[in-house]
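**Q** If you want the building blocks of each chain, they are given just below.
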Amino acid sequence: MFNLRVFSLLVSAVGLSTLMACGETQDSPSASVSPSASSTAMSSGMNHSATGKKQININGAILSELDKLEAKLAVPGLSNKIQASRPYGKTDELVSKKVITQAQFDQVKDMVTIEDIQLTGEAKDVDYMTKLGLMKGHMLVAKELLDLKKPDQAEPHIGHPVEEIYADVEGQLNERKVKEFKTSLIALQDLVKAGAKDTAKVDTEFKISVQSVEGAIANLPDTQRKDPKFVLQVINGLLDTANSEYGAAIADGKISQAIEYQDSRGFVAYANDLYKGITPAMQKDSPDAHKAITSAMADLTKAWPAPIPPAAPVKTTDAVSKLIKDIEMNTQKSINPS
Amino acid sequence: MSKSVEPEKLASSRRQILKWGLLAGVGGAGTLAAFSQLEKIKLRSSVTVLPSTHTGAISGQASTPLTMLRDFDYGTVTQEKGRTVREFRVEAQTSTIKLDNAHTFITWNLNGRVPGPTFRATEGDRIRVIFYNRAGHSHSLHFHGVHPAEMDGVKPIRNGKIMIYEFDAEPFGVQLYHCHVAPVTRHIGKGLYGMFIIDPKDLRPPADEMMLIMAGYDVNDDKKNELYAFNGLPHYYMHHPIAIQQNQLIRLYVLNMIEFDAAVTFHLHANMFKVNRAGRSPQPSEETDVITMGTAERHILEFSYRYPGKYMFHPHQDAIAEAGCMGLFDVVESTKT
Ligand SMILES: [Cu+2]
Numbered sequence: 031m032f033n034l035r036v037f038s039l040l041v042s043a044v045g046l047s048t049l050m051a052c053g054e055t056q057d058s059p060s061a062s063v064s065p066s067a068s069s070t071a072m073s074s075g076m077n078h079s080a081t082g083k084k085q086i087n088i089n090g091a092i093l094s095e096l097d098k099l100e101a102k103l104a105v106p107g108l109s110n111k112i113q114a115s116r117p118y119g120k121t122d123e124l125v126s127k128k129v130i131t132q133a134q135f136d137q138v139k140d141m142v143t144i145e146d147i148q149l150t151g152e153a154k155d156v157d158y159m160t161k162l163g164l165m166k167g168h169m170l171v172a173k174e175l176l177d178l179k180k181p182d183q184a185e186p187h188i189g190h191p192v193e194e195i196y197a198d199v200e201g202q203l204n205e206r207k208v209k210e211f212k213t214s215l216i217a218l219q220d221l222v223k224a225g226a227k228d229t230a231k232v233d234t235e236f237k238i239s240v241q242s243v244e245g246a247i248a249n250l251p252d253t254q255r256k257d258p259k260f261v262l263q264v265i266n267g268l269l270d271t272a273n274s275e276y277g278a279a280i281a282d283g284k285i286s287q288a289i290e291y292q293d294s295r296g297f298v299a300y301a302n303d304l305y306k307g308i309t310p311a312m313q314k315d316s317p318d319a320h321k322a323i324t325s326a327m328a329d330l331t332k333a334w335p336a337p338i339p340p341a342a343p344v345k346t347t348d349a350v351s352k353l354i355k356d357i358e359m360n361t362q363k364s365i366n367p368s
Numbered sequence: 002m003s004k005s006v007e008p009e010k011l012a013s014s015r016r017q018i019l020k021w022g023l024l025a026g027v028g029g030a031g032t033l034a035a036f037s038q039l040e041k042i043k044l045r046s047s048v049t050v051l052p053s054t055h056t057g058a059i060s061g062q063a064s065t066p067l068t069m070l071r072d073f074d075y076g077t078v079t080q081e082k083g084r085t086v087r088e089f090r091v092e093a094q095t096s097t098i099k100l101d102n103a104h105t106f107i108t109w110n111l112n113g114r115v116p117g118p119t120f121r122a123t124e125g126d127r128i129r130v131i132f133y134n135r136a137g138h139s140h141s142l143h144f145h146g147v148h149p150a151e152m153d154g155v156k157p158i159r160n161g162k163i164m165i166y167e168f169d170a171e172p173f174g175v176q177l178y179h180c181h182v183a184p185v186t187r188h189i190g191k192g193l194y195g196m197f198i199i200d201p202k203d204l205r206p207p208a209d210e211m212m213l214i215m216a217g218y219d220v221n222d223d224k225k226n227e228l229y230a231f232n233g234l235p236h237y238y239m240h241h242p243i244a245i246q247q248n249q250l251i252r253l254y255v256l257n258m259i260e261f262d263a264a265v266t267f268h269l270h271a272n273m274f275k276v277n278r279a280g281r282s283p284q285p286s287e288e289t290d291v292i293t294m295g296t297a298e299r300h301i302l303e304f305s306y307r308y309p310g311k312y313m314f315h316p317h318q319d320a321i322a323e324a325g326c327m328g329l330f331d332v333v334e335s336t337k338t
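One line per chain: the protein sequences are D and P, in this order.
Under this note's numbering, the first residue of the first sequence is numbered 31, with each subsequent residue one higher.
Under this note's numbering, the first residue of the second sequence is numbered 2, with each subsequent residue one higher.
Chain D on its own, in the form it takes in the complex (with noise of 0.2 Å):
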């Protein structure tokens, strides 16, 4: 260290004091910076507007909400581009992205955030509905793998409802006087993992597990569940979401990875189940965009044989994820018919 011993005569000869006089304010020592007052998020009190008006968070909200962008500033497809667009730092990184022009932006500044918000009403009710229908996806595909004896293969898709969603939608089911029902998948985690011996004891449990995400799904209104343009938000998630799944589950041309192909495999099958149900409605009101998504969710169904992936995929990424982008765009037909 001769260098620094040079280095530090030199500053001894300066002398201290000037040193101190002349250190930069932000060089204080750390014991100034107060953690207390720092650690709220600088980004606060930034956009914390004077409007009184709900702010849409651009990072989060569903095109619904979006639209209320687009009507505004009567932008064409403006909601699309806001969520192609993600994620944001900031909210005039609209204007930077070149999502909107400085012009439009100042029009729409006191309604954007990218700050977490509560979400309310429609945006609220899919998201919860989402994250309830991800679950119901892992614990089809793991009742298949039950039947199938495979406790192994099983045990992850009983884990991911608790570890992946159950933190997410806790606030929620708590609001909405859901029971807990945390205790019972984990239960019947415990039971899978040590080997799923006692069948009789898994189907119940397994039993008690699915009906608790039912009734959780069916706290919301029966009418709101049978509406096509709610219903079509949720399959949307669920098929985005089956998407990177699939993705995630091949390499090499192989299906590599089970548990991701299982996975998506749930996810499409509620997504599937969820259709069903809004049939009729789609007959009537949008039989076009039926005719389209009938189709393609069909012709998509059929990358997932079986639970036990096949040696080849039947599909490629690709074109799963060009079958899933068909059926969003049709969605997006019936949901915002303009």
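By construction, these hints were calculated from the structure, which means they are not laboratory data.
One or more hints might be untrue.
One side of the interface only, derived from the structure: several residues of chain D facing chain P at Cβ under 10 Å [to be verified]: (1) Tyr118; (2) Thr160; (3) Ala197; (4) Asp228; (5) Thr229; (6) Ala230; (7) Glu275; (8) Tyr276; (9) Gly277.
In silico PhoX-like pairs for lysine-lysine, Cα to Cα no more than 20 Å straight-line [stated by the list, open to error]: (10) P:Lys99 x D:Lys284; (11) D:Lys212 x D:Lys98; (12) P:Lys162 x D:Lys111; (13) D:Lys223 x P:Lys224; (14) P:Lys99 x D:Lys212; (15) D:Lys223 x P:Lys156; (16) P:Lys82 x D:Lys120; (17) D:Lys120 x P:Lys225; (18) D:Lys180 x P:Lys224; (19) P:Lys156 x D:Lys355; (20) D:Lys154 x P:Lys162.
Which bits of chain P does chain D cover? Going by a derived footprint, with three or more residues having C-beta under 8 Å, they are [to be verified]: (21) 88-96; (22) 182-194; (23) 289-300; (24) 307-316.
For glycine and all other residues, C-beta sits at the position ideal for the given N, C-alpha and C.
Take the given structure of chain D and dock chain P with the ligand to it, following the hints.
**A** Just chain P with the ligand, lined up with the frame of chain D:
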């Protein structure tokens, strides 16, 4: 992903030297003398980073372990309310990497690389990480360090969702981040982890700095690792040794991110290294040539090589080393300039 790499720490030490140099004299010859003296010191203390022998891209990964080695991501820097804010944008993705001839592995990663970007900041900076999950499963980013509960990154972020993590960079030292969704062994094992270096405000002495993360790969989901690696690819630094200069101070930021095995050591051949535990001290303390590290444990190790030649580094759990966690330093003789 936008990214601006700040000039080396060195540059800012130099700025400080110049400033002090100018203050030292009141003008005239005195100042100039002090100035050139300092310049000379600066030159003599400058760090020689030797070029990599191999920078070719690897299929499925834009970065190689050699480019990642010294690739410190200082984020996009802005000033907000008089504070330095460093913004990092990361996207959880899935992609495949070829671990060896027999294994193509599906990773869950950030920005297409394993390990994820090495975030770097100075103590007291505001950190803002914009996390976009596009990887199917729920994921999260859990940072080590001090922050409020809401920013602890334990809550799963669903596919297609965005979470902005924001907190102060504290305390200084070597931190890490990783996904905290269960089973964490699988989420880390598939690649959702990286290093987060918080520099002290009083800069550490100039050195050739590098990041090394040890990790395991459970390629057949049997909850045991079959392959191991430094910075993502098994055996990579054996085939592409890390060139360093003789007598140059080397500063390694080392992290053990191996799941399933309780602990491993880090061992360096033909040398001793100084250990700065978790980088929490201004100076290293003890000296050794083997240090035990549990999962998620990390240290700064400092050393320099007296003799030119090739030297191995690896955990001294030799089965783990031979399964891919092994590399070489190539010490190049200093020129007489
Ligand atoms: Cu994860």
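**Q** Under the criterion of a CB-CB separation shorter than 10 Å, is Asp228 of chain D in contact with chain P as hinted?
**A** 24 Å, violated
**Q** May I ask you to test the interface hint for Tyr276 of chain D with respect to chain P, counting a Cβ-Cβ separation under 10 Å as satisfied?
**A** Since the shortest Cβ distance to chain P is 8 Å, the answer is holds.
**Q** Close enough to count: is the Cβ of Thr160 of chain D nearer than 10 Å to one in chain P?
**A** 8 Å, holds
**Q** Given Gly277 of chain D was flagged as interface, is its beta-carbon under 10 Å from a beta-carbon of chain P?
**A** With Cβ-Cβ at 6 Å, under 10 Å, it holds.
**Q** Under 10 Å is the threshold here; is the Cβ of Ala230 of chain D close enough to any Cβ of chain P for the hint to stand?
**A** Since chain P brings no Cβ nearer than about 28 Å to Ala230 of chain D, farther than 10 Å, the hint is violated.
**Q** Starting from Lys82 of chain P, check that the Cα of Lys120 of chain D is at most 20 Å away, please.
**A** 15 Å, holds
**Q** Check, residue by residue, whether the region 88-96 of chain P contains three or more positions whose beta-carbon lies closer than 8 Å to a beta-carbon of chain D, and give the verdict.
**A** holds (count 3)
**Q** Given the proposed pairing of Lys180 of chain D with Lys224 of chain P, does the C-alpha separation stay at or below 20 Å?
**A** Answer holds: Lys180 of chain D to Lys224 of chain P is near 18 Å, not above 20 Å.
**Q** Does the alpha-carbon distance linking Lys99 of chain P and Lys212 of chain D stay inside the 20 Å limit?
**A** 38 Å, violated
**Q** Was the hint right that Tyr118 of chain D lines chain P, CB cutoff 10 Å?
**A** 8 Å, holds
**Q** Tell me if the straight-line CA distance from Lys99 of chain P to Lys284 of chain D falls inside 20 Å.
**A** Given that 20 Å is the threshold and the Cα spacing comes to 14 Å, the pair holds.
**Q** Can you confirm whether chain D covers the region 289-300 of chain P, using C-beta to C-beta distances below 8 Å and requiring at least three such residues?
**A** With 0 residues closer than 8 Å to chain D, the region 289-300 of chain P misses the three-residue bar; violated.
Taken one by one, the earlier hints fail for this structure at numbers 4, 5, 6, 11, 14, 15, 17, 19, 23, 24, listed in ascending order.
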